[in-house]
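**Q** Chains A and B, in that order, give the protein sequences. My numbering puts the first residue of the first sequence at 1, with every later residue one more than the last. My numbering puts the first residue of the second sequence at 406, with every later residue one more than the last.
The reader is advised that the hints may include incorrect statements.
Below 25 Å or equal to it, Euclidean Cα-Cα: the simulated SDA-like pairs (lysine to any residue) are [what the hints assert, rightly or not]:
#1 A:K389 with A:R295
#2 A:K240 with B:V440
#3 B:K407 with A:A223
#4 B:K407 with A:G108
#5 A:K240 with A:D167
Worth flagging that the hints you see were computed from the coordinates, not collected in a lab. Small disclaimer: the values here were computed from a predicted structure and weren't measured.
So the chains spell out like this:
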Amino acid sequence: MKAELKVRDEVVRERIGLTSNYAVAYAVKDVDVDVVAAYPITPQTTIIEKIAEFVANGELDAEFIPVESEHSALSAMVGASAAGARVFTATSSQGLELMHEILHITSGLRLPVVMATPGRALSAPISIHGDYQDIMNARDTGWIIIIASTAQEVYDSIIMAYRIAEDSRVLLPVMVAYDGFLMSHTMEPVELYHEELVRRFTPRNRSRPRLDPRNPITMGVIASPDWYYEIKYQVINAIKESKSVIKEIQGEFNKAFGTDYDVVEQYRVDDADYILITYGGASTGNAKEAVDEARRNGIRAGVLRIRVLKPFPTEEVVKAIKDAKAVAVIDRALSPGSTFEGPVFNEVVAAMYSQGVSVPVVSVVHGISQRTIFIEDLYELIRELVEFKNTGYFPRRTMFMGLRA
Amino acid sequence: MKPLTWREIPLGGYVLEPRNSRNNLTGTWRTERPVIDQDACIRCRICWMYCPEPAILELSKPYVTKTGRKYDVTYEIDYDHCKGCGICAHECPVKAIKMVPEVG
């Protein structure tokens with residue numbers, strides 16, 4: 001134990017209480033970004049407030065651009081990133097929707113923008129509370145999407161995001177998402193690493209193409225039908241190939257900072273008959289408690305957390321669930337009008353189809369607009385999975401848990 | 406020339422060297438090409454003035470028409486840059502320019 005503490009001292013400069021939003025701000029300061037533009041929106045505001053404070057105090061040597069909307073914030077990032085700067089922005093909910101047009105432009109132009117997005121419900125009706133509808137709406141934009149589950153993971157993921165985004169084999173924007181309020185505004189102990197170690201881990205990629213008057217190039221060209229398709233396919237290929245790069249960088253990060261990240265997190269999955277697939281913070285913590293409770297009652301249950309949503313970890317998910325008797329995917333987002341209304345459920349089913357694996361999977365929606373997910377809810381869900389397995393009857397429609405009916 | 410594949414196109418569709426119309430041949434956009442009837446042409450220069458590209462070439466090439474009229478200049482089309490807009494054919498006062506479908 002003593003030896004372990006000594007090892008941590010080598011990488012950890014201090015261990016302080018931080019909200020996930022402040023963890024983002026500290027990560028941004030430690031990787032030394034050049035330009036920040038963001039527009040305040042609940043629950044993201046405290047990130048940029050903290051960054052503005054760092055810039056004002058001279059702790060972070062960055063250009064802080066006050067913009068008049070999220071559309072402008074991401075547009076400013078596109079310009080600064082094209083000029084070769086290391087950039088950061090953050091948003092949520094309606095702000096992310098206002099950025100939507102530029103989300104596609106950022107990935108199409110292959111600009112390594114990093115953005116933090118505490119997830120929040122979408123209007124109408126207006127809700128400031130946390131869920132993942134906004135993140136799921138950005139899932140087809142060509143961004144790499146990482147969903148963190150603790151403030152520590154948020155801090156670590158932002159650091160890794162710069163390495164992933166700026167890697168010459170990737171060159172794609174990265175979004176680091178986490179629960180609005182449940183994480184963005186709640187304090188957890190976070191280990192901040194020595195700045196020079198973080199800087200050594202995230203060297204700038206100086207060989208990426210950028211706007212340079214001594215070597216002029218044109219970015220953002222118009223492409224006629226005989227070019228457009230191929231340029232968009234470059235994005236598809238890059239994000240598909242990025243999974244191996246993400247794993248490689250995660251491995252390096254784990255080695256450098258003594259962490260244990262993978263594209264999925266497995267909790268008691270190895271011998272599990274019943275698996276809950278979740279993402280984000282609140283549902284994962286409670287899900288683990290529910291699984292422990294189920295294990296105490298003789299049900300072999302496990303939790304599989306999707307950490308990297310895009311590129312979807314197809315092989316890893318299928319490998320983890322292929323021997324299970326029943327699986328439930330708990331979505332905190334909606335896909336109205338789809339056969340099943342859980343967006344990640346649809347990904348999981350597609351993943352299984354691609355590998356020729358068939359396991360009974362149940363689509364569950366819960367926690368919309370921060371509707372509380374109790375440990376008992378998830379324990380009850382595991383009990384229901386056992387019931388489904390025993391009767392052989394699986395619901396062929398999405399279960400809306402927590403909905404007053 | 407065979408068009409570039411997705412692997413060969415510069416990343417993100419960037420144009421890696423600044424170029425102008427000397428290199429970028431805009432003639433590939435054309436669906437109809439103008440053809441000048443040199444015998445009907447009266448060398449009024451209106452097509453040359455109106456061409457937005459400009460793809461009408463004023464060449465000092467003597468030409469003798471079938472009816473024996475002598476001219477010092479000849480107007481020809483620069484098909485590498487003509488986009489086929491048809492303005493020249495529209496403006497020609499003697500209808501000496503015809504737009505014909507581009508084939509091949």
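**Q** Check the hint pairing B:K407 with A:A223 against an upper bound of 25 Å on the C-alpha distance.
**A** It holds: about 17 Å lies between the C-alpha atoms, which stays within 25 Å.
**Q** Are the Cα atoms of B:K407 and A:G108 separated by 25 Å or less?
**A** holds (24 Å)
**Q** Sort out whether A:D167 lies within 25 Å of A:K240, counting only the CA atoms.
**A** Given that 25 Å is the threshold and the Cα spacing comes to 14 Å, the pair holds.
**Q** Is the straight-line distance between the alpha-carbon of A:K240 and that of B:V440 25 Å or less?
**A** Violated, at roughly 50 Å.
**Q** Does the structure keep A:K389 and A:R295 at a Cα separation of 25 Å or less?
**A** The given pair, whose Cα atoms are some 17 Å apart, holds under the 25 Å limit.
The structure is inconsistent with hint 2 alone, although it conforms to all the rest.
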